[in-house]
Amino acid sequence: MLEGTKVPLYRFLCKDCEQKFTQLVSIGKETEVKCETCGSSKLEKLLPRSITGRTKEGALSGMSSCSTCQATSCRSCSQ
1 MLEGTKVPLY
11 RFLCKDCEQK
21 FTQLVSIGKE
31 TEVKCETCGS
41 SKLEKLLPRS
51 ITGRTKEGAL
61 SGMSSCSTCQ
71 ATSCRSCSQ
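Counting in our numbering, the sequence shown runs from 1 upward without gaps.
Treat the hints as calculated values from the structure; they're not laboratory data. Please note that the accuracy of each hint is not assured.
Taking lysine-lysine pairs in the DSS-like style, the calculated list, with each CA pair at most 30 Å apart, reads [what the hints assert, rightly or not]: (1) K42 / K29; (2) K20 / K34; (3) K15 / K29; (4) K45 / K15; (5) K45 / K29; (6) K20 / K45; (7) K15 / K34; (8) K45 / K34; (9) K42 / K15; (10) K42 / K20.
It should be emphasised that the depicted structure is a prediction, and the values quoted were computed from it without experimental measurement.
From just these sequences and the hints, can you work out the full model?
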């Protein structure tokens, strides 16, 4: 990889053969990707898997701190 070049890792789903695959793709070149299995360009870019960590309070970041609400940040519960 060239120094200073950003090449993100993308996950794709082929709409023709339903194969999922991951590929390094230069920014702006996502439309040039072809399915590794069947060669189709009918692809759906999948959301990346999120990386969660623990906050200083011990709860997983991105998750509710109590079982009674869906909020990810809530002042009404102190768990």
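We went through each hint and held it up to the structure:
1. K42 / K29: holds (15 Å)
2. K20 / K34: Roughly 12 Å between the alpha carbons, so the hint for K20 and K34 holds.
3. K15 / K29: Since the Cα atoms of K15 and K29 sit roughly 19 Å apart, the hinted pair holds (cutoff 30 Å).
4. K45 / K15: Cα-Cα ~10 Å, so holds.
5. K45 / K29: Satisfied, since the Cα-Cα distance of roughly 12 Å is no more than 30 Å.
6. K20 / K45: holds (10 Å)
7. K15 / K34: holds (11 Å)
8. K45 / K34: Judged against 30 Å, a Cα distance of about 12 Å means the pair holds.
9. K42 / K15: OK: K42 and K15 at ~6 Å, within 30 Å.
10. K42 / K20: Roughly 12 Å separates the two Cα atoms, so the pair holds.
The structure shown violates none of the earlier numbered hints.
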